[in-house]
Structures are given as C-alpha cells and as structure tokens.
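Novice: Here the protein sequences come in this chain order: D and R. Just so we're aligned, residue 221 is where the first sequence starts under my numbering, counting upward by one. Just so we're aligned, residue 8 is where the second sequence starts under my numbering, counting upward by one.
Bear in mind the hints are in silico, worked out from the structure with no lab data behind them. Here a beta-carbon is modelled for each residue, glycine too, at the ideal position from N, C-alpha and C. Honestly, I wouldn't trust all of these hints.
[Claimed, not checked] To be clear about the criterion: a stretch of chain R counts as covered by chain D if any three or more of its residues have a C-beta under 8 Å from a C-beta of chain D, and this derived list gives those stretches:
| hint | region |
| --- | --- |
| 1 | 63 to 73 |
| 2 | 133 to 142 |
| 3 | 146 to 154 |
[As the list claims (entries may be wrong)] Taking lysine to any residue pairs in the SDA-like style, the calculated list, with each CA pair at most 20 Å apart, reads:
| hint | chain 1 | residue 1 | chain 2 | residue 2 |
| --- | --- | --- | --- | --- |
| 4 | D | 232 | R | 72 |
| 5 | D | 226 | D | 251 |
| 6 | D | 272 | R | 144 |
| 7 | R | 42 | R | 87 |
| 8 | D | 226 | R | 67 |
| 9 | D | 272 | R | 152 |
| 10 | D | 226 | R | 133 |
| 11 | D | 273 | R | 154 |
| 12 | D | 232 | R | 154 |
| 13 | D | 226 | R | 102 |
| 14 | D | 272 | R | 67 |
| 15 | R | 77 | D | 280 |
| 16 | D | 232 | D | 261 |
| 17 | D | 272 | R | 59 |
| 18 | D | 226 | R | 137 |
| 19 | R | 77 | D | 279 |
| 20 | D | 273 | R | 69 |
| 21 | D | 232 | R | 150 |
| 22 | D | 232 | R | 67 |
| 23 | D | 232 | R | 69 |
| 24 | R | 77 | D | 283 |
| 25 | D | 273 | R | 143 |
| 26 | R | 135 | D | 282 |
| 27 | D | 232 | R | 42 |
| 28 | R | 77 | D | 293 |
| 29 | D | 273 | R | 133 |
| 30 | R | 59 | D | 230 |
| 31 | D | 232 | R | 87 |
| 32 | D | 232 | R | 144 |
| 33 | D | 232 | R | 102 |
| 34 | R | 135 | D | 230 |
Each chain is listed here by its residues.
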Amino acid sequence: MTLHVKLFGMLKSLVGDQTDVTVALTDGNQVRDLIVLFQAQYPKIGELLLNKKVIVSINHEIAHPETTISSTDEIAFLPPFAGGSGQLRST
Amino acid sequence: MSMVNVDIEASMLVRVQRENFSVDAEIDRVRAQSKRIGGIATFLGTARDRSKGRDVSGISFEHYEGMAQKTLREIRERALKDFDIIEVLILHRYGEIDIGENIVLIVVGAEHRADAFQACRWCIDELKQITPIWKREQTPQGEEWVEEHP
Numbered sequence: 221m222t223l224h225v226k227l228f229g230m231l232k233s234l235v236g237d238q239t240d241v242t243v244a245l246t247d248g249n250q251v252r253d254l255i256v257l258f259q260a261q262y263p264k265i266g267e268l269l270l271n272k273k274v275i276v277s278i279n280h281e282i283a284h285p286e287t288t289i290s291s292t293d294e295i296a297f298l299p300p301f302a303g304g305s306g307q308l309r310s311t
Numbered sequence: 008m009s010m011v012n013v014d015i016e017a018s019m020l021v022r023v024q025r026e027n028f029s030v031d032a033e034i035d036r037v038r039a040q041s042k043r044i045g046g047i048a049t050f051l052g053t054a055r056d057r058s059k060g061r062d063v064s065g066i067s068f069e070h071y072e073g074m075a076q077k078t079l080r081e082i083r084e085r086a087l088k089d090f091d092i093i094e095v096l097i098l099h100r101y102g103e104i105d106i107g108e109n110i111v112l113i114v115v116g117a118e119h120r121a122d123a124f125q126a127c128r129w130c131i132d133e134l135k136q137i138t139p140i141w142k143r144e145q146t147p148q149g150e151e152w153v154e155e156h157p
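Could you put together the complete structure from these sequences and hints?
Specialist: What follows is the structure, encoded as structure tokens:
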C-alpha cells in the first residue's frame with residue numbers, strides 16, 4: 221500500500237520543502253516499521269523519529285510504535301510544537 | 008436554541024483562523040453564554056519583536072488542520088469538566104502575523120475569579136504543550152522554526 225506522510229514545520233526543510241512524502245508499506249506494518257523505513261530513506265527524519273523529537277500521528281491521534289497502519293490512515297510527523305518544552309507527550 | 012445553533016455556537020468557541028480578532032467581541036461571546044458569569048479571565052498572546060536575544064521582524068504560524076482544532080476542542084472540554092467554570096473560548100491564528108498583533112486568545116467565564124484565573128492559566132499552558140501549531144520567526148539571520156519555548 222502507498223501512503224502519504226504529512227510533514228510540518230522544520231521537517232519540510234529536510235526534504236526540499238515538500239509538504240508530504242510518499243512511502244510504500246505492506247499490510248500489517250506498524251509505526252515502528254515506518255520509522256525503520258525513514259531511517260533508510262530519510263536518515264535525518266529517521267533519527268528525529270527514533271529520538272522521539274518528532275512524533276507520529278495517525279488520524280489526528282498520537283500513535284505508538286506498535287500501532288498498526290492501514291491504507292486509509294492519515295499519517296503525519298509532528299516536530300516539537302511552537303509552545304512546547306521540547307518534551308513531547310506520547311500519551 | 009436548536010441543535011444546529013448550539014453546534015454553530017460551540018464551533019465559534021474554538022477556532023483556528025488566519026484573520027485577526029476583536030478581544031472585546033470574543034469576551035462578549037463568552038459573556039452571552041450565561042447570566043451566571045461573574046468573572047471573566049483572559050489571556051492574550053501577542054507577537055513580540057525579540058526572541059532568544061535576537062530581533063524578530065515578523066512571525067508566522069503553521070497548524071495541522073483538523074488535529075489542531077480537535078486538540079483545542081479537547082482542551083476546552085477538559086477545562087469545562089475539571090474546573091468550576093461556565094464557558095471557555097480558545098482562538099489561535101495562523102499565517103503571517105505582524106509584530107504586536109494578536110496570536111492567541113483564551114477567555115474563561117466563571118462565577119468567581121479564582122476559578123476563571125486558574126482555568127485560563129491551565130488552558131494556555133496545555134495549548135502550548137499539546138497543540139500541533141508551529142512558529143516560524145523572521146530574524147536578521149534568516150527564518151527559523153521555533154521548536155522550544157520555555
């Protein structure tokens with residue numbers, strides 16, 4: 221399945237100012253697989269995901285590494301928010 | 008009031024919008040919700056010309072459409088549930104904002120001031136922690152996304 225991952229803030233500058241990137245996943249893939257894929261294809265973003273500097277949302281909810289991704293999901297990568305302390309909550 | 012009117016009114020109490028807003032008009036919107044309101048606390052965030060020791064000539068905000076509104080609705084609902092208050096309005100702008108202009112407004116109406124102050128403080132702190140909105144500052148050194156704000 222092909223999915224578009226929405227990018228915000230400084231993340232866009234890491235991929236030539238694109239607002240989203242397209243990725244190919246297989247059925248049953250989880251968020252952790254998406255992170256591995258980004259580590260390979262977009263290492264800078266992959267590192268931010270791994271360090272939890274950037275969090276993943278699915279359908280406007282914060283996702284977890286074990287969240288399963290389906291083809292109709294809206295996925296976004298969220299860098300630290302404008303007013304945040306830098307310690308993003310994952311719950 | 009019909010359900011449609013209630014929904015429209017509720018949607019006016021949580022907004023993410025490009026255009027500027029009138030603080031007076033938004034206070035009146037909260038005031039109109041109940042004659043039991045005896046105190047209204049507000050927080051207004053404005054664009055300042057200095058950040059981390061650097062001059063700032065302008066700022067812009069990007070938001071995640073849908074998720075930002077959902078998060079603000081949840082903050083409003085939690086405030087109404089957790090504090091002894093009557094109404095909450097949360098409004099945030101996006102796009103280009105000139106120095107000195109309005110950015111964000113919280114208006115809380117309660118019977119008594121202590122609850123209004125407390126809930127207002129909680130709402131703006133929570134907004135800054137969990138709402139997917141990003142700030143970009145224009146400085147003499149160039150433009151930069153602001154990632155942290157103590």
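Novice: Would you list, in rising numerical order, the hints stated earlier that this structure does not obey?
Specialist: 6, 10, 14, 17, 27, 31
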